[in-house]
Amino acid sequence: MTNHHKLEEIVSRYLDGDMSEIEKLDFQSRLVTDPVLQEEYNLQKDMVEAIKIYRKTELKSKLSQVQLPGTAWYQTLGGQIAATASITAMVGLGAYLYFSQPSELISLVEVDELSPVQQLQEALPEIPYAFIEENETPFSISEEFAEDQEVIGSIEVDIHETESSADAIKQVHVLPKPEIIVPELAMVDDDRDLEVQDGGFESSVSSFEKLSEKVAIETLKGVKKGLHYRFTGNKLFLYGDFSDQTYEIIEINTQKGRRFYLLFDGNFFQILQNQIDIAPLEKIKDEEIINDLEIMLRNK
Amino acid sequence: MRDSEIIAKISQGDEKALEYLYRKYFSMMKRSILKNNGTEDEAKDIFQDALIVFWQKVTSGNLVLSSKISTYLYSICQNLWRKELDRKKRLSNEEKDEEVFLKNDEEERLKIVTDCINQLGDTCKKLLTYHYFDGLPMSEIADKLGFSNADTAKTKKYKCKQRLYELIRSKYSKSDFLD
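Here the protein sequences line up with chains A and B, keeping their order.
Going by our numbering, the letters in the first sequence line up with residues 1 to 300, in that order.
Going by our numbering, the letters in the second sequence line up with residues 1 to 179, in that order.
Since the hints were derived computationally from the structure, they do not count as laboratory data.
Each hint can be trusted.
Short, incomplete list of chain B residues facing chain A, as computed with Cβ under 10 Å:
id, residue
1, Y25
2, M28
3, L110
4, L128
It should be emphasised that the depicted structure is a prediction, and the values quoted were computed from it without experimental measurement.
Yeah, the Cβ is synthetic: ideal placement off N, Cα and C, and Gly gets one too.
Throw the hints in and build the complete structure from the sequences for me.
So this is what it looks like as structure tokens:
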């Protein structure tokens with residue numbers, strides 16, 4: 001093996017991380033004093049850096065071609081290329097038609113009834129506004145919330161997941177963006193006796209707090225397993241064992257109304273207003289909503 | 001897709017999982033950067049860089065994730081954006097001229113080596129990039145590229161690197177690579 005090959009091998013081993021700690025230290029001290037070694041090291045280092053940049057550029061280029069939610073297809077890199085090619089073709093066709101003999105022009109027009117714009121539109125691929133990956137369950141709304149409800153927001157909430165809906169989805173579907181349905185605030189007189197409840201809840205007032213000037217919270221011990229709630233008028237009743245851990249109620253005020261969430265034991269739960277009957281508190285599973293709520297809590 | 005599934009796919013070099021994360025979390029990251037004096041294009045750039053950092057960590061087996069992927073990506077974005085804002089602040093006119101000069105020199109050297117990389121075959125390109133950038137183990141690279149085992153992949157990697165090395169040395173003078 002020539003000297004140069006030996007140098008090449010040493011530098012390669014160093015850059016590949018194939019040296020022991022002692023070998024590395026020895027190499028580094030030689031590098032400071034040996035200009036030939038330095039030259040070889042710089043060459044191979046540039047090579048490795050270029051390989052890394054090449055790969056990074058490749059990955060970025062692939063991501064740039066991904067169509068993001070809320071963007072039109074022509075805003076992606078691939079879309080722009082396709083649009084440019086289509087427009088160029090249409091301009092070329094237009095020029096041909098313009099400069100063609102009258103008889104040729106007429107025959108072309110007769111054959112092609114669509115205008116150039118319509119032809120372009122026909123040529124465009126159908127881009128779904130939203131899509132769902134295979135095996136994901138679609139957004140579904142519980143029937144008990146479907147009545148007397150009004151769409152006021154657009155946050156995706158996974159209210160129910162059922163096995164049957166998961167099995168039914170075998171391929172990509174094009175669906176409209178799911179919308180949250182939150183009921184209107186309703187003033188309901190609550191004269192029911194808190195001592196006896198359907199479902200066997202005993203009332204024992206353990207705490208009474210004011211969330212804001214308008215909404216009051218009351219926690220009660222429940223005999224049923226799990227956490228439950230009801231929300232009537234401006235009073236929220238929480239059923240369960242809230243004594244050992246703190247909980248937090250998040251109220252989000254928007255132009256279209258208020259939304260409430262409970263943070264307890266590391267989980268977020270959605271609280272629906274006008275929930276007259278006692279209902280189980282359901283964990284939010286949508287990661288995007290969880291992230292938004294976590295960010296809000298961090299920034300408060 | 002669950003976080004664990006995403007990480008499993010990325011560990012095997014599945015780029016579709018990266019695209020999934022990009023689609024899923026772009027809005028969230030964009031909001032954060034727009035609130036901090038950024039533009040949408042900057043948000044795309046920063047988030048793409050963050051995803052690539054995440055990709056490298058996972059493929060090279062160096063990631064210990066103690067939070068959700070979204071939280072981790074969010075932190076990377078915040079850090080990258082903070083650095084970018086600092087860099088913009090630091091750039092005075094004089095510094096800008098000097099930086100442009102240095103960048104041109106680096107870019108020229110990079111272009112030279114990139115041209116040589118483009119002369120390699122696809123297998124060599126993939127082998128070298130999977131090894132030096134993704135940090136995938138040889139066994140994984142062997143699987144992805146259809147080699148019989150890790151040793152075969154390692155031998156091929158050595159040959160590819162030699163080929164690239166010879167291309168660079170034969171084409172360009174030493175002065176292109178001296179600082």
